[in-house]
Amino acid sequence: MKKKFRISLATQILVGLILGIIVGGIFYGNPKIETYLQPLGDIFLHLIKMIVVPIIISTLIVGVAGTGDMKQLGRLGGKSLIYFEIITTVAIVIGLLSANLFQPGAGVNMNELSQGDISKYVATTETVKHEGPFDIIVGIVPTNIIQAMSEGNMLAIIFFSVIFGLGVAAVGERGKPVLDFFQGVADAMFWVTNLVMKFAPIGVFGLIGVTVSKYGFASLIPLGKLAILVYATMLFFIFVVLGLVAKFAGINIFFLIKVLKDELILAFSTASSEAVLPRIMMKMEKLGAPKDIVSFVIPTGYSFNLDGSTLYQAIAALFIAQMYGIHLSIGEQITLMLVLMVTSKGIAGVPGVSFVVLLATLGTVGIPIEGLAFIAGIDRILDMGRTVVNVIGNSLASLVMAKWEGRFDTEKMKNYFKDNENLA
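Under the working numbering, the first residue of the sequence shown is numbered 4, with each subsequent residue one higher.
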């Protein structure tokens, strides 16, 4: 019996990506093309956002209720935050070292650069600046969970789901119908995820087509050194830093990337970590990480473990300083690193988070925030790369936490090898 010919999701997304680049290039500078292509991308992103919250709530409640151990959960939370802080700090340090070593902003003629509109990010930053240092902690506790869900406030959703899951576990048999309900919701939403992913190639086609038609490739030329350095440093971070972390945990980083190839292509094309959240949660559970660890670590990492974003922010900050001929002392760079460590967590989840973080940070060391307008044109291109790093970092984090907790299922990983021999 002949095997039915089937094109893989990764191949379909690549085709959508290539076609989007071609169409965007043909209609470069034509604003009308956005009218037709943007809705395709928006529909796909809306579909993803539609399923993310129900998946996180249902899987986290099922995972926590299944464990029912508050001490174990507290230990996991503490270890996760320590791990996130260490890895993101390493990312910032590597970004600073890279920018100091290769000087991407030195000799750049600002008269040759076009300026993008950063006014919407400035407005968001002004709102953030008026918040107190403990507002992020207060914001974790929702006053209205329905409102938190509608706003996509991930930390508040995680907090509620954990507390509710512990409550379901505490009432014993009376909580079983509730647990069964949320298990059913989780199963149904993962089925919906597979359905939504069929639209991914069309969504990618629309999103990348709009990006290329708006900015083209000409915008990359004056800032080529910055773009190349950001991508090269990200590759170094993935294969050296995350590779060493993975090796220490008994995981092969190349195998993990092969497992996630579909999701990484999608994350790169859409520049959206949310687009792959449901699928990487499914895959990390299949690789041997327990449901409660996966459903806690990965969504929390989306707020606290943005390795690619913090690495990029460090390079971008020094690029702007070098472009203006501003020399930052070691002390000022340490200050920059410390401020980035705080601001990158404090405003996670806001639109254009990397730009907002930079706007909130640059002024503390005397770098003109107007410099951000010069790199706004290629931000989307750089965002695609940093999204990939964020996805790999958070996927790995769930496996590392499972190993650290002594709850990693090696048998599951072996079975995954057997079922996917081409990945070995």
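Hints should not be assumed to be uniformly reliable.
[As the list claims (entries may be wrong)] Derived DEER-like restraints, expressed as beta-carbon distance ranges:
id: 1; residue 1: G409; residue 2: N255; range: 16 to 24 Å
id: 2; residue 1: K82; residue 2: N255; range: 35 to 43 Å
id: 3; residue 1: A173; residue 2: F239; range: 40 to 48 Å
id: 4; residue 1: V141; residue 2: M344; range: 18 to 26 Å
id: 5; residue 1: K82; residue 2: S153; range: 39 to 47 Å
id: 6; residue 1: Y31; residue 2: M73; range: 25 to 33 Å
Just so you know, the hints here were simulated from the structure itself, not pulled from any lab data. These figures come from a predicted structure and were not determined experimentally. Glycine included, each C-beta is placed from N, C-alpha and C at the ideal position.
Range hint 25 to 33 Å (beta carbons of Y31 and M73) holds or violated: violated (56 Å)
Verdict for G409, N255 (Cβ pair) under range 16 to 24 Å: holds (20 Å)
Cβ distance range 35 to 43 Å for K82 and N255, holds or violated: Distance hint for K82, N255 is violated at roughly 22 Å.
Status of the given 39 to 47 Å range, CB of S153 versus CB of K82: violated (31 Å)
Assessment of proposed distance window 40 to 48 Å (beta carbons of A173, F239): Because 47 Å falls inside the window, the suggested range holds.
Whether the CB-CB distance between V141 and M344 falls inside 18 to 26 Å: holds (20 Å)
The structure shown violates the earlier hints numbered 2, 5 and 6.
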